[in-house]
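A.B. asks: As a plain string of letters, each chain reads:
4 protein chains.
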Amino acid sequence: MNKMLKIAVIGGGSSYTPELVEGLIRYHDTFPVGELCLVDIAEGEEKLRVIGELARRMVEKSGLPIKVVATLDRREAIRGADFVSTQIRVGGLDARSRDEKIPLAHGLIGQETTGAGGFAKALRTIPVILDICKEMEELAPEAFLINFTNPAGIVTEAVSKYSSIRSVGLCNLPIGTKMQIAELYGRAPEELFIEMAGINHLNWTTRVVLDGKDCTADFLGRLSDSGGFTMKNIPDLAWDADFIRSLGALPCAYHRYYYMKSEMLAELLESYKEAGATRADDVKAVEAELFELYRQPDLAHKPAQLEQRGGAYYSEAAVQLMKSIYNDAGDIQIVNVRNGGIIACLPDDAAIETNCVIKADGPHPIALASPLPPQIRGLLQVVKAYEELTVEAAVRGSREAALQALTIHPLVGDERAARTVLAEILEQNKAYLPAFAAE
Amino acid sequence: MNKMLKIAVIGGGSSYTPELVEGLIRYHDTFPVGELCLVDIAEGEEKLRVIGELARRMVEKSGLPIKVVATLDRREAIRGADFVSTQIRVGGLDARSRDEKIPLAHGLIGQETTGAGGFAKALRTIPVILDICKEMEELAPEAFLINFTNPAGIVTEAVSKYSSIRSVGLCNLPIGTKMQIAELYGRAPEELFIEMAGINHLNWTTRVVLDGKDCTADFLGRLSDSGGFTMKNIPDLAWDADFIRSLGALPCAYHRYYYMKSEMLAELLESYKEAGATRADDVKAVEAELFELYRQPDLAHKPAQLEQRGGAYYSEAAVQLMKSIYNDAGDIQIVNVRNGGIIACLPDDAAIETNCVIKADGPHPIALASPLPPQIRGLLQVVKAYEELTVEAAVRGSREAALQALTIHPLVGDERAARTVLAEILEQNKAYLPAFAAE
Amino acid sequence: MNKMLKIAVIGGGSSYTPELVEGLIRYHDTFPVGELCLVDIAEGEEKLRVIGELARRMVEKSGLPIKVVATLDRREAIRGADFVSTQIRVGGLDARSRDEKIPLAHGLIGQETTGAGGFAKALRTIPVILDICKEMEELAPEAFLINFTNPAGIVTEAVSKYSSIRSVGLCNLPIGTKMQIAELYGRAPEELFIEMAGINHLNWTTRVVLDGKDCTADFLGRLSDSGGFTMKNIPDLAWDADFIRSLGALPCAYHRYYYMKSEMLAELLESYKEAGATRADDVKAVEAELFELYRQPDLAHKPAQLEQRGGAYYSEAAVQLMKSIYNDAGDIQIVNVRNGGIIACLPDDAAIETNCVIKADGPHPIALASPLPPQIRGLLQVVKAYEELTVEAAVRGSREAALQALTIHPLVGDERAARTVLAEILEQNKAYLPAFAAE
Amino acid sequence: MNKMLKIAVIGGGSSYTPELVEGLIRYHDTFPVGELCLVDIAEGEEKLRVIGELARRMVEKSGLPIKVVATLDRREAIRGADFVSTQIRVGGLDARSRDEKIPLAHGLIGQETTGAGGFAKALRTIPVILDICKEMEELAPEAFLINFTNPAGIVTEAVSKYSSIRSVGLCNLPIGTKMQIAELYGRAPEELFIEMAGINHLNWTTRVVLDGKDCTADFLGRLSDSGGFTMKNIPDLAWDADFIRSLGALPCAYHRYYYMKSEMLAELLESYKEAGATRADDVKAVEAELFELYRQPDLAHKPAQLEQRGGAYYSEAAVQLMKSIYNDAGDIQIVNVRNGGIIACLPDDAAIETNCVIKADGPHPIALASPLPPQIRGLLQVVKAYEELTVEAAVRGSREAALQALTIHPLVGDERAARTVLAEILEQNKAYLPAFAAE
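Protein sequence lines correspond, in order, to chains E, A, P and B. If you're matching positions, the first sequence starts at 1 in the UniProt record's numbering and goes up one per residue. If you're matching positions, the second sequence starts at 1 in the UniProt record's numbering and goes up one per residue. If you're matching positions, the third sequence starts at 1 in the UniProt record's numbering and goes up one per residue. If you're matching positions, the fourth sequence starts at 1 in the UniProt record's numbering and goes up one per residue.
Chain E on its own, in the form it takes in the complex (with noise of 0.2 Å):
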């Protein structure tokens, strides 16, 4: 176990690279990386050069001995890697940017990952990851995949039914919740156990557990004083007391597009025609200014700046998880995996997001206190329904899925919204989705 690791990462260019050196270098005496391979397409070289060097002088003042290397030959980078972690962005910002304007336009929420906006996302970015997948069955066929590209969980689902790699779908949503529940308890993250059930972005904390005591209706009544947790990019409606205590569980930041749906796409609206601009808009801005951070010569740590992004905890999530499966520590983080009969409402073979006990073998999710009640499992399934249909959609190019996927999502709803978004997303992403053009 003491030979020097190899690191791949497809989307080595993106912004949240340094997060991830920053942890590389912060935890290399557990989890001793030699080679950091980053690769990016020809269209993000100049990014990809300025991480690079960037990286290479966190490296060079950390003094460890990580060889930094940045290339645009993935299937190089892929070659005998320990850990591929994908954080792509097929069609860049300006493809999200559509994603969340096409809803928009006709009256329905617009967001990255979820709804309309994030069935777009995984379109795109289904056929690159189980293309990389290939790679790895050739190149690399005994590495993890850790995948953080979004819709994650999606993704997730589209590699466990397409793919024999083994990969786990990662969001630092989970850890930021346990991380806010400690806070509010005032006590260390691991001296708490959360149970988190469901899908990515769709995920309860069912049960909050103190020195062995089930505290959760403790919890949700401190919950509902506290205003909520929420995500840096996810406005802080706060929640209703009596509906969380009626629900039994905390949501999670992105159930407010689905809870408070009116409210929600409101301020999206307001603010798209306020400022003419999305999310995406804004990001491209923070982007900007990022790498304009990230080219100073004298720059060698992480700046603060990134954290305003909002990948707080990606890197934490990202090196723990992979120290974890190197170390074979058993011990439990909450990571997006085949489901096999651990939520008994979905279908075995269903991605969900649960806790896992992290081995050498990868992540074992273990079982639910007790089965998902009603007002959870009903919202959980019609969503997990319209996932399935999603990945088929994405695998065969399907117009027929992808027009029942966008229909039962809650957030569309209705056939005739659909079928018109779905005609734009499909002409506005041609250029993507090459299976939808053989059909």
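These are computed hints drawn from the structure, not numbers from a lab. Errors might be hidden in some of the hints.
Because identical chains cannot be distinguished in the list, a pair is counted as satisfied if it fits within a single copy or across any two copies.
Claimed, not checked - Below, computed lysine-lysine pairings styled on DSSO-like, alpha-carbon distance capped at 30 Å:
1. Lys134 - Lys213
2. Lys67 - Lys213
3. Lys323 - Lys101
4. Lys61 - Lys101
5. Lys359 - Lys213
6. Lys134 - Lys67
7. Lys323 - Lys161
8. Lys213 - Lys161
9. Lys213 - Lys3
10. Lys161 - Lys430
11. Lys323 - Lys359
12. Lys430 - Lys47
13. Lys161 - Lys47
14. Lys47 - Lys101
15. Lys134 - Lys101
16. Lys284 - Lys213
17. Lys273 - Lys134
18. Lys134 - Lys61
19. Lys284 - Lys273
20. Lys284 - Lys101
Fit chains A, P and B to the supplied structure of chain E, relying on the hints for placement.
C.D. replies: Quick look at chains A, P and B alone, frame taken from chain E:
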């Protein structure tokens, strides 16, 4: 098997009763009713008198030995009955009118049986039906409850979970659909086999078999040309051909409230704004006219105008069901029963609406040809979760279950709207919801 | 629907065929067969000739326009058939004799369809039936396979898993049981509804309904007085009253090999020791006599002696099934079909034997009144696991699946016995098991 | 978390207790027991006194602040306990001797925990354990019940179904197996991950993972060379290599009673015939010797002879479990818990034995890598059905459930043998089975 049967009709003063009487007369040779006992509440005494007299004139004209009793004593009506049919409207048309208007006032679909309107109706109806069941357990424990009262599926689930009485939920939509498909093919209804799967008012025709051949694809093709089937009381918007093909099944008329939510809502809002009235108000007018007719002392048959009322096939469905039970017929009818594993993606104790073999001990559901596809499964599961919560809310008087039920319903789907609408429903129906007062 | 039908009978030289011919003649008005094509293998040519001539004489006497063909060309027989029925015995009675003797030689029950004997028969039979299915897929893809060949349940499971042909497995035991129960109550069989659940030759009568009332408890009480029902070829040991009451169901005749293992084994061993013969040897003698009769040129009806052979109701069962399919009858018959969730404790793709509605597109199983209790569930599950492994062993020629199949069978249940018996079975059936040679 | 803990040991006079005391002393720094309360029944008073004194000497020698109490007052022992461990033997070794001899007298395997012997033990034990649980519900509702008493799986299922107490069933077989596998590979136990699935004493090792690689096939190959693992008290017959490979898993030592039924039975019968004694009689002799040793006033440690007794790792297993709960360790241990969907082919409320993460709120089972194959599934299901019926028999005093339990057990499997053996078991255990008297 040659004793004369006693039928108790709870809500006997309903304008639909002549339908039923006509059926009982028509099928008397194979379903020998000896006593027809119409019972109603004090507020309905005058209507009951009118209907009772019309019924007596119809029977007299037929020359059959059926004794017609009209009474306010429900226990006496139930005592010794072979079949108890329920066609009640707790709170009358005024309550229905409120059910329709409360959601509309908040920009939500206001419909008698679907969405927030149907939810309010369920809260009022379930306690009364369970009271009837308790009396049946005492006075006619072997009788079948034939329930027409909407929302018929939710009511069936409540009875099946909270009573030992054998009950069947009945709707005229499935038989109507079958008639329309038969007509499309120029065949007699008994010549075709259709598989319907789902729950009451959310039921998909998933398979059409003619002469032993599966002709579902052909049927869905023809259908999109024909504009689709509908119900009297639901705006007849045509189904899109692509949508139907990708769905792989025929939706029912009520599916328009889901799949065409925006247009249906717009239509409801417009007619409400224009006329200040909803469907309940129209029905009031129709009812008044009908009772005017019924009062004519020389009327001794079901008047043609009743069919305008929307109850086509109601008599057919009800008498066919009771007749098949009485005669151990073994024919297939589509009714509401306990799931018991037939629809694998729903709980075993859920009420479903599907093909059943009707034997002397009641309906036995038959297996589906294949599991429901995700596009059907997802919507079905979330609406069933709503129904499960609604049963709990009604039986336990639980505000918590009620709030969650409304929140996950696809026609509400927003906890803030749910809270507002729930508060108004509870307030305006206070007189009918003692269980909620107790909380 | 008025074309004349073609029936192909594979194994047409069987002594049972006159049963079938008689049935086809009797029901010709509602099941208008135009061509009866008997096909057999070269080794059976003489028998086929005898049967063919007898069939022709029977038809001639009836005056019906049925063409009888006897041929060795299986493809011609299958081409264009509406129904293909299989009643083959791969390896003949000699193979059966070996199936019975190998287990007995090791102190295990040796029986034609159950335990190690039935296992050997399954290994020989499944490949032949799957070949027939392949020819049907080419030459008569819309035809139904009506399979009588034992072990009928295992064969049905193999066909359902490995062929696209619609098939039904058929046994005379369920219809016989129903007749006996009807007789016990002095009623016509169609007047009672019995629920049978399980798999072929391991089937429990779990419910008896008369006039719409569940009279199972009464039935089980009467039963223990009556000594129980049985089959011609199974020693008629009486069921213990306490045992039956605690079981809560009527076992089938073959259950004696399980529940009365010791006595049944003792009896088989004794008659083997005494006479040096098993049931197969008796049957050989009966067959010889029957064919002597069949050869008489003036015989033009099914001789009474055939019923001694054990095939009572075979014709009845087969013709009833084909007739109901042809006529879209919708009546209930107990046949072997794919589970599809009806018996919740078995895999969905397992073959089960239970009540089905017979429609033009085949049998549709109907829901059980309640889940099977543990005393039934446990035995059923272990025998079904044996069947699943046996199908795998036969299809893939897998010694590993074969060894495990025998090991968990309750009538073997010891891996050392399983290994010994398996080695002998494979050796003695080498000629019929090419798939195993390949391994 | 720094209060001193109270442990109550029901059956504290057991010869195993010094094992436990040794463990409590060894791990005192991370599992700070302040009071060890040994309790026993009046018949065991002398043994309790001997053990109590030995325990006190052991503690004294250790210099640790553990108060040792020996008492006949069970309520006082339980009051305020943090952990209650049960290691009782209802009826003593005399009852065990009868459990072994009754089946042998009828040609059936007579074993302490398996088959008819284990069944008798379950009938006697379950009511006593449920009484203890009732006292815990009153006097120590937050305490964990750590149950060692056999049959540990059946007892766990009874507690989980009929009590609100958190309980874990514990056996030394899994930890022993893990130790042996580790030794085979020359590794420390914590370096390997083994998946065990099944129920107590019928548990398969389905997966061995070393350094993140699945090496199950390699392991099964090595195993058949090594002769297999076993337990002190089970004859060590070697597993056949072909059998193990086709099974695809390592059986546990108790599987020999199933897979090698004939030889095991022959061996038991022979030693019974030769010596007139069974294992219980041997144990009596060993116990007498042990207590002779324990009485020596200068003995202040666990004597080496105790390991001959068969209890290797018992202390290890028990203290590790309590320690991990107390410390919220999150390590993986193989214990008996409620299934909750982990083994999909068993009921949710069945007790299973499998890998669990041990947290402060108890064990959380983790998902299996894949569903159990049919060769494991079938045997597991039938034995679990036996266990389910046995729990019902014991709790309700039901002769009917008892008869069916024995009938379907693979080591009985014959209703006539079951009836005979059941009658003797009920007769000879009358004093311990009041529930059956009531019937």
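A.B. asks: State for each hint whether it applies.
C.D. replies: Each hint, compared with the structure:
no.: 1; hint: Lys134 - Lys213; in the structure: between (46 Å within a copy, 21 Å between copies)
no.: 2; hint: Lys67 - Lys213; in the structure: between (47 Å within a copy, 27 Å between copies)
no.: 3; hint: Lys323 - Lys101; in the structure: neither (39 Å within a copy, 56 Å between copies)
no.: 4; hint: Lys61 - Lys101; in the structure: neither (43 Å within a copy, 69 Å between copies)
no.: 5; hint: Lys359 - Lys213; in the structure: both (26 Å within a copy, 11 Å between copies)
no.: 6; hint: Lys134 - Lys67; in the structure: within (26 Å within a copy, 60 Å between copies)
no.: 7; hint: Lys323 - Lys161; in the structure: within (26 Å within a copy, 40 Å between copies)
no.: 8; hint: Lys213 - Lys161; in the structure: between (38 Å within a copy, 21 Å between copies)
no.: 9; hint: Lys213 - Lys3; in the structure: between (42 Å within a copy, 16 Å between copies)
no.: 10; hint: Lys161 - Lys430; in the structure: within (25 Å within a copy, 40 Å between copies)
no.: 11; hint: Lys323 - Lys359; in the structure: both (10 Å within a copy, 22 Å between copies)
no.: 12; hint: Lys430 - Lys47; in the structure: within (25 Å within a copy, 65 Å between copies)
no.: 13; hint: Lys161 - Lys47; in the structure: neither (33 Å within a copy, 54 Å between copies)
no.: 14; hint: Lys47 - Lys101; in the structure: within (26 Å within a copy, 57 Å between copies)
no.: 15; hint: Lys134 - Lys101; in the structure: neither (33 Å within a copy, 54 Å between copies)
no.: 16; hint: Lys284 - Lys213; in the structure: neither (46 Å within a copy, 43 Å between copies)
no.: 17; hint: Lys273 - Lys134; in the structure: neither (43 Å within a copy, 59 Å between copies)
no.: 18; hint: Lys134 - Lys61; in the structure: neither (36 Å within a copy, 64 Å between copies)
no.: 19; hint: Lys284 - Lys273; in the structure: within (18 Å within a copy, 45 Å between copies)
no.: 20; hint: Lys284 - Lys101; in the structure: within (15 Å within a copy, 46 Å between copies)
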